Each structure stands twice: as structure tokens, then as C-alpha cells.
Amino acid sequence: MLRNFSLRLIVFGLAFLSFACLLGQFFGLWSMRLFGCWVLPPATALLAIIAYFQRRAPNNAANAHTWIVQGALGGIIAAVAYDLYRLPFVLNGAPLFKPFSRFGQLLLGADGPEWLVQLLGWAYHFSNGAALGIMFLAMVVRPNPRLLFWGAVAWALFVEMMLLLTPYASFFGLPVNGRFIFLTASAHLIFGLVLGWWCRRRVGLRYQPQMARIH
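With our numbering applied, the sequence shown covers 10 to 224.
Calculated directly from the structure, the hints in this document are not laboratory data.
Computed from a predicted structure; not experimentally measured.
Misleading hints may appear alongside valid ones.
[As the list claims (entries may be wrong)] Capping the alpha-carbon separation at 20 Å, the derived lysine to aspartate or glutamate pairs in DMTMM-like fashion look like this:
| # | residue 1 | residue 2 |
| --- | --- | --- |
| 1 | Lys107 | Glu123 |
| 2 | Lys107 | Asp120 |
| 3 | Lys107 | Glu169 |
| 4 | Lys107 | Asp92 |
[What the hints assert, rightly or not] FRET-style restraints, in silico, Cβ to Cβ:
| # | residue 1 | residue 2 | range |
| --- | --- | --- | --- |
| 5 | Pro104 | Ala132 | 31 to 37 Å |
| 6 | Pro104 | Ile58 | 16 to 22 Å |
| 7 | Phe189 | Trp39 | 38 to 44 Å |
Heads up, the beta-carbon is just placed ideally off N, CA and C, and yes, glycines get one too.
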């Protein structure tokens, strides 16, 4: 039990470092370039190593391989849905994709070729999506289908609420008004619905037979 809790904490912490990269920049603790070069890649490698060595662990609906692999896949797919939902608003003038190029500039530490800035910015964005999925599954002790679906929705909305408490909007020059809050909150709702759908299908349905065997 203690070992499982410790492993959950380690996986959650390693995934959270994707967000720590940006949060440290906000609060002047470190630069995204420094963190992105020297902390995030080793942390990502450690997650991959943990997933590899846990791939044959028993109870594969609730082990680290599942949290990392299915969490990352679900988070990336949910991030794609999140962006597709926002795309019509972006085409209509909303600056919702504005932070991505800034992510790339911060990771480079300077202006660079536009293709590289965009590549790094979007890669970091999807890294955060994957991290959210991994963190979510690492928190779910009993991954039954209902908890996975509605828990993912609650998790996405909680993250949005926390994001609004950071300097995110002011840092990127985004107007915090009713329209912005509606768009960003509804987009996170889409993220949560898609992540919940993925986790329910890929993780929750594996858990039911195990519960049946216990009873």
C-alpha cells in the first residue's frame, strides 16, 4: 500500500514538472529555457523508464504503466479536442493560441526561426496535456468507469480555476473578461470530457473484472 502510494506520488510529481517549467517563469524562480533543457527531459525519461519496468505489473488498470501510457495518450487526444474546439474562435480573432509562440521563445531563450518557435511551443502545449492525463490517473485509486469520467471533468475544471489564479493571462497579454473566461472554461470542459471518455474506455473497463473477482 505504502509502496503504491509512493509510486503514485513520484509519477504525479514527475508529470507536474511540465507545469512547473512555466510556473517558475511566472514567479521568477527559473527560466523556461533552463528548466526545459535540464529538468523536463530527464523527468520525461524517468516516466518512460517507470512505465517500461511496470508494464507487466499485476492489476494493470491501476499500475504506473497504465497511468503514464494511457494518461499521456488520453491527455494528448484531449488537448487536440481542446484546440479544435477553440479553433473557430481563434479564426474569428480570439488570441487563444497566442501563448504557444511565446512558449517557444521562452524555451529557446530568444527569438529564433518561426518554425522552431512554433514547434517548441506546440510541443510544450501537448506536453502539458499529457501531464494532466498522467497526473489524473495517478490520483485515482479505484479507477471505476464513472469515477474516471466525471473525475476527469472535475480535474480539468479544477486546473482551469487554478490557472486563472496564476499570472497566466497577464503574462501573455490576454484580456480577462467574460468572453475569455467562458472560452477557456468551456475548452477545459471539452478537455475533461474527452479525457474522461478515453480513461473510461481504456482504463475503467479493465478495472471491472478485477472488482468482480474480488467479490
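A range of 16 to 22 Å was offered for this pair. Does it hold for the Cβ distance of Pro104 and Ile58? violated, 38 Å
Given pair status - Asp92, Lys107, alpha carbons within 20 Å: holds, 12 Å
Satisfaction of hint between Glu169 and Lys107, Cα-Cα up to 20 Å: Cα-Cα ~17 Å, so holds.
Between Pro104 and Ala132, is the Cβ distance one that fits in 31 to 37 Å? violated, 20 Å
Note whether the CB distance of Phe189 and Trp39 lies within 38 to 44 Å or breaks it. With Cβ atoms ~28 Å apart, the hint is violated.
Mind checking the alpha carbons of Lys107 and Glu123 for me, to see if they're no more than 20 Å apart? holds, 14 Å
For a C-alpha distance cap of 20 Å, please report whether Lys107 and Asp120 respect it. holds, 15 Å
Checked against the numbered hints above, the structure breaks hints 5, 6 and 7 and satisfies the rest.
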